[in-house]
Amino acid sequence: MITKVLMPKLSDAMETGKVIQWLKREGDAVKGGDVIAEIETDKANVEIEAFGSGVLRRIVVGPGDQVPVGELIGIIADPADDISKVATAPSTPKAPPVPAAAMPSGSAQAGTPVLPAMESYQSVPATTRVVPLSPATVAAAPESARVGGRVKASPLARKIASQSGVDLRLIEGSGPGGRIVRRDVEGALAAPRPEAQAAAAPAAATPAVAPGQPAFVVPRRPEVEFEDVALTPMRALIARRMPLSKGPVPHFYVTSEVAMERALDLRAELNGLEGQPRVSVTDLVIRACALALIKNPGVNASLQSPAAGAAAAGAASIRVHHRAHIGIAVALPQGLITPVLRDCDIKPLGQIAVESRDLAERARAGKLRAPEMSGATFSISNLGMYDVEEFSAIINPPEGAILAVGSVVEKPVADHGQIRIGRRMKMTISCDHRVMDGAMGARFLQDVKRLLEEPLRLLV
Amino acid sequence: MKYDVVVVGTGPGGYVAAIRCAQLGLTVAAIEDDRPGGVCLNWGCIPTKALLRNAEVVGLFHRAREFGITLGTWEADYAQAVQRSRRVADRMAKGVEFLFRKNKITLLPGTGVLTGRNAVEVRGKDGAQTLEAGSLILATGSEPKSLPGVTIDEKLVVSSNGAVRSEVRPASLIVIGAGAVGMEFADVFASYGAAVTVLEALSRVLPVEDDEVSSQLARLFTRRGMTIRTGVTVRAVTPGGAGVSVEVESEGKMETLTADQVLMAVGRAARTKGIGLEAAGVAMERGFVTVSATMETSVKGVYAIGDMTGRQLLAHKAMAEGVVAAEAIAGREPRPVDYANVPSCTYCRPQVASIGSSEAAARAGRRDVTVGRFPFTANGKAVALGETEGFLKVVADKATGEVLGVHIVGAEATEMIHEFAVGRTLEATLEEIVHTIHAHPTLSEAALEATLAALGHAIHI
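Note that the protein sequences, when read in sequence, are chains A and B.
In case it helps, our numbering puts the first sequence at residues 1 to 460.
In case it helps, our numbering puts the second sequence at residues 1 to 461.
A couple of the hints might just be wrong.
[Claimed, not checked] Chain B side only, calculated, beta carbon under 7 Å to chain A, not exhaustive:
1. 245
2. 249
3. 251
4. 400
5. 428
6. 432
By construction, these hints were calculated from the structure, which means they are not laboratory data.
All residues carry an ideal CB built from backbone N, CA and C; glycine is no exception.
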């Protein structure tokens, strides 16, 4: 039996994938479930499993090479099978491109031409574990020593690393299975460390200051006038995706200001309860949006583009979601990721608090699972922690709207003819005008505002 | 005939390489000019271990009173000890033949001579035939060396080859060379009542071992009645009449020693003559074949393993190299042999085993070194066994706890060393060993205690 190993589609947004490394070599026996290779997608490193059993006969796409989703990357077959036809046949289907959202994960082999004289030859590489995406992996270093966040290193390597301040996560292991051993740490120590040198230079020029007093250091001015920094895979994805939104999607914006006193009081009271999860302002906003989305399904909607090749305009439709799967934008050093908190409409506030914290932490650690990176029906971006009063966000297609949340600020407010100090938060919703109109967005926002201003509604 | 691999020599390196090749699906022929198993199984490691076991039993008989056992008259017949060792060796050699059959390896008696990059001529009793080989593994081993001007006649002046076969125990024996071979034969013959003198040109016995090990072993051998003389240069060995006279120079003074027999144990030389190496252009250095990390010689497709490649002349090193060569030929990328982590074992009584650096070498490496020692006198199991001689010593890097070397003198030392071999392979530090529970009572508790001592907090001393 011949089994084709195809570049898997691991998220809606994934268009291409890069083979980081093969964990099996040509000629190695593999059985179903064996992890055979590591793939770098736009947002994470993922191990793929073999579906068929046999021998890894051919590695078609070598480490470091990037190919479109669905492309043949390797062939598993019995030693006696003739793989010449598979190896030479065009593996990329010439079928019309399927819109990302319409193509569920795992259907990567759809449209692959069936070759004659073979029993079966398809495989769906399955996501097993997501390998954290750290600065080192962003730089495309094959990091097989790091599996599921655990660094494989010998006790001695760990000790030397901790004594010398070497970050094991940045080292490539040369031991069995990519284990980091002594020579790897010593090699890293011997190699020039640019950041250490850069740090040492200004320190040497700075006069001694009293301990405990922060030294005023004149920032060292780089000698070059500019430098070109390669896009991280995540930055590249953002760069590619945002014009696809801002360009074709006609955005309109609606801003509203919310009185947050009661919501903040409620939050303080909840957080004072023993044994209860800590609730953030974002959690309150998530819950409010979820309830408002169910009430305003027109905002919880997305335009279904007609399949390419079909008659323009004719087949378009609006998909109205009856679930509130909310994407929560999380800033990362290398870009931005929007993990999805599913079914917020039926989750109590405490559960939202726990799950959103977990999602954000794992997003920062690069440990999201593939299903958590796609499928949102609406998104929230909160820049309140950066003292932003208000801003507007770009819609993340195919979603129909995104809510941009600013800081809670103290300001004078007119209250029944009196001026007093109130705590206010501004929200701006960006809406896809193809899907909804200004009034729909405004009604939604009004509902969110009301839920936050009468926050007990969030608890029922 | 054509084979994927032809192995020349079936000692521990050759037979392991042949089996591993067969396991990896290659067709294999092995050429042997003696008996399968090579020196190790037939004339070296295995039969001498049988003789040493006899020596140990004889030693226990001598200590019978200590265990409350009263013996009448008893006799230790050396000839029967040798016969027993032959039976042991035969059984092990048959085991190799069985493994060859099981793995469908063709065993061809004769001498293998390289006639080209892919060809070997087998010169046997019944004529010669040429084999075609995809790859070649040379594993012809080594043979005993002598001193310049001294002829080994295997009667009065014997090598280990003669000593292991002879059923006659000399009344007196001079052993020249206090390496593992010399010390083991000295033990056997002394146990059977011979007057044994060991001569060593260097300043201590077992010169490759740690200083403390050498001095402890010399002391224990002397206590058993042997004469140990170090820093002695042998000037002449003259067989004459009933015995042999050995002229030695020590501290500028000449002296003549006599004995019934002399055992030359001054080392071994690679067997590289007459097998076509020169014609094939296989590069050599100082008498040994030069090889890459995957055991390939300077000639592509021709591999060499074991004693003929030098470094440590040890069966277990040869076996490890055999696996590397086989896997390299089969296209796997084998992990090269870690020559810094090969255990060294001497099976005299008490046994000696070590791995890694001696204390002196570790200190010479300008490391901040910590050393932990534990004497077997403080080990419950050793006291119960009545085997309290010796100690276990751990040499470690002070900053990291890296185990730099371990040195053991004592009963079953050769079995205990592997704890540290595994530890070093995994790059364990002192702490991992300390946090490994050692069963009580065992000799191996000495490993735990010495490690604790290196960390500065041994419990039982």
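Restraint check, 7 Å cut-off on beta carbons, for residue 251 of chain B near chain A: Nearest chain A Cβ about 45 Å off; hint violated.
Status of the hint placing residue 400 of chain B at chain A (closest C-beta pair under 7 Å): The hint holds - residue 400 of chain B has a Cβ within 7 Å of chain A, the shortest such distance being about 5 Å.
Chain A contact restraint for residue 432 of chain B - C-beta distance below 7 Å: holds, 5 Å
Satisfaction of the residue 249 of chain B interface hint, Cβ to chain A closer than 7 Å: With Cβ-Cβ at 46 Å, over 7 Å, it is violated.
Residue 245 of chain B as chain A interface residue, shortest Cβ-Cβ below 7 Å: violated, 54 Å
Restraint outcome when residue 428 of chain B is required to lie within 7 Å of chain A by C-beta distance: Hint on residue 428 of chain B: holds, closest Cβ of chain A at ~5 Å, below 7 Å.
In this structure, the earlier hints numbered 1, 2 and 3 are contradicted, and the remaining ones agree with it.
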